[in-house]
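Listed below, chain by chain, are the residues.
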Amino acid sequence: MRSARESRPTREGDLMASDLIDYTLPAHDPNFPKPRGLLPVPPEVAENVARREAQLLRERGIQITADARQHSLDYRTLNWYFDNTEVLYRRTPQGIEVLAAGSEEIDQYLEEHPLETLDGAVIGVG
Amino acid sequence: MARLDVPLLDRTLHTTGDTVLHAELILEVKNDRGTWVPFDLVVDPGTKMTTMPAARARKRGLPLPKQAVPGLALHGQEVRRGLLRARIPSLEATEYIFPCYFLGDPNAKIADAKNLLGLTGVIDQLRFTFDGSPTPAALYGVLVVEKI
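Residue numbers (the numbering used here), protein chains in the order written: chain A, 1 to 126; chain B, 127 to 274.
Since the hints were made in silico from the structure, they are not lab data. Hints are supplied without guarantee of correctness; some may be wrong.
Unchecked claim - One side only, chain B facing chain A, incomplete, derived with CB under 10 Å: (1) P133; (2) D136; (3) H148; (4) E150; (5) I152; (6) P164; (7) K185; (8) I236; (9) A239; (10) Y266.
Said to hold, decoys possible - Restricting the straight-line Cα-Cα distance to at most 35 Å, the calculated cross-link-like pairs of lysine-lysine (DSBU-like) are: (11) B:K273 x B:K174; (12) A:K34 x B:K156; (13) A:K34 x B:K235; (14) B:K174 x B:K192; (15) B:K156 x B:K273; (16) B:K185 x B:K156; (17) A:K34 x B:K185; (18) B:K235 x B:K156; (19) B:K156 x B:K192.
Note that beta-carbon positions come from the ideal geometry of N, C-alpha and C, so glycine has one too.
Work out the full structure, taking the sequences as your base and the hints as a guide.
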């Protein structure tokens with residue numbers, strides 16, 4: 001006979017404690033296109049990064065590097081389109097590139113393109 | 127000492143306008159075919175144990191215990207107690223073995239939960255320092271990762 005503890009129902013798909021889901025992001029709008037390949041930087045993302053850059057210069061005299069700007073643009077853009085979705089992506093000098101999104105699409109992509117051939121690709125959650 | 131500065135990740139919430147921060151580290155984890163599979167993990171000092179959805183681990187060929195631990199649940203999900211054989215790109219070629227709880231049914235649809243890098247069995251091998259001072263190379267500061 002199973003103990004009361006063992007017989008507790010378990011749930012699949014629960015979020016982790018640290019997940020914070022902003023359901024108003026386009027990522028959660030089923031009608032909003034989720035592109036593959038190099039992601040265009042949304043104007044809102046570019047504005048937010050530019051605002052921070054200007055603030056750092058104005059308040060602390062810090063001039064950020066092009067790499068730092070691109071890092072922020074890349075991950076904010078990935079989040080914009082793919083918040084809380086599993087993605088296979090890589091960073092490129094031109095921006096962030098999504099190779100596949102969602103577990104099944106990632107499976108299929110990796111069948112056709114083994115990981116060993118995908119320089120810099122990472123499996124993450126947007 | 128080997129050291130890696132990882133810029134903190136920032137995003138602005140649509141709903142509140144708040145800019146929120148977190149830290150992610152790319153770990154290459156060896157699967158059962160000997161391939162290094164690169165995963166993002168959130169570095170979470172509030173997490174006791176490193177976790178990954180069991181379904182994700184199975185899909186990517188990570189060694190996974192057959193049986194869940196009786197009587198143990200995390201976030202309501204069953205737990206498989208295993209290990210990650212991992213290395214950190216850009217931080218020497220050291221291989222680490224981290225304990226990991228694989229969560230949920232390995233055959234279920236993959237939950238889009240993030241992988242979390244917790245404290246147990248990790249911070250005796252790596253030192254993490256969160257430094258929120260912006261620099262020219264990091265808009266909101268960095269996570270410093272050092273090999274102990």
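Evaluation of the provided hints:
{"no.": "1", "hint": "P133", "result": "5 Å, holds"}
{"no.": "2", "hint": "D136", "result": "6 Å, holds"}
{"no.": "3", "hint": "H148", "result": "7 Å, holds"}
{"no.": "4", "hint": "E150", "result": "7 Å, holds"}
{"no.": "5", "hint": "I152", "result": "6 Å, holds"}
{"no.": "6", "hint": "P164", "result": "5 Å, holds"}
{"no.": "7", "hint": "K185", "result": "6 Å, holds"}
{"no.": "8", "hint": "I236", "result": "4 Å, holds"}
{"no.": "9", "hint": "A239", "result": "5 Å, holds"}
{"no.": "10", "hint": "Y266", "result": "8 Å, holds"}
{"no.": "11", "hint": "B:K273 x B:K174", "result": "20 Å, holds"}
{"no.": "12", "hint": "A:K34 x B:K156", "result": "30 Å, holds"}
{"no.": "13", "hint": "A:K34 x B:K235", "result": "21 Å, holds"}
{"no.": "14", "hint": "B:K174 x B:K192", "result": "23 Å, holds"}
{"no.": "15", "hint": "B:K156 x B:K273", "result": "19 Å, holds"}
{"no.": "16", "hint": "B:K185 x B:K156", "result": "13 Å, holds"}
{"no.": "17", "hint": "A:K34 x B:K185", "result": "23 Å, holds"}
{"no.": "18", "hint": "B:K235 x B:K156", "result": "22 Å, holds"}
{"no.": "19", "hint": "B:K156 x B:K192", "result": "18 Å, holds"}
In summary, this structure violates none of the numbered hints.
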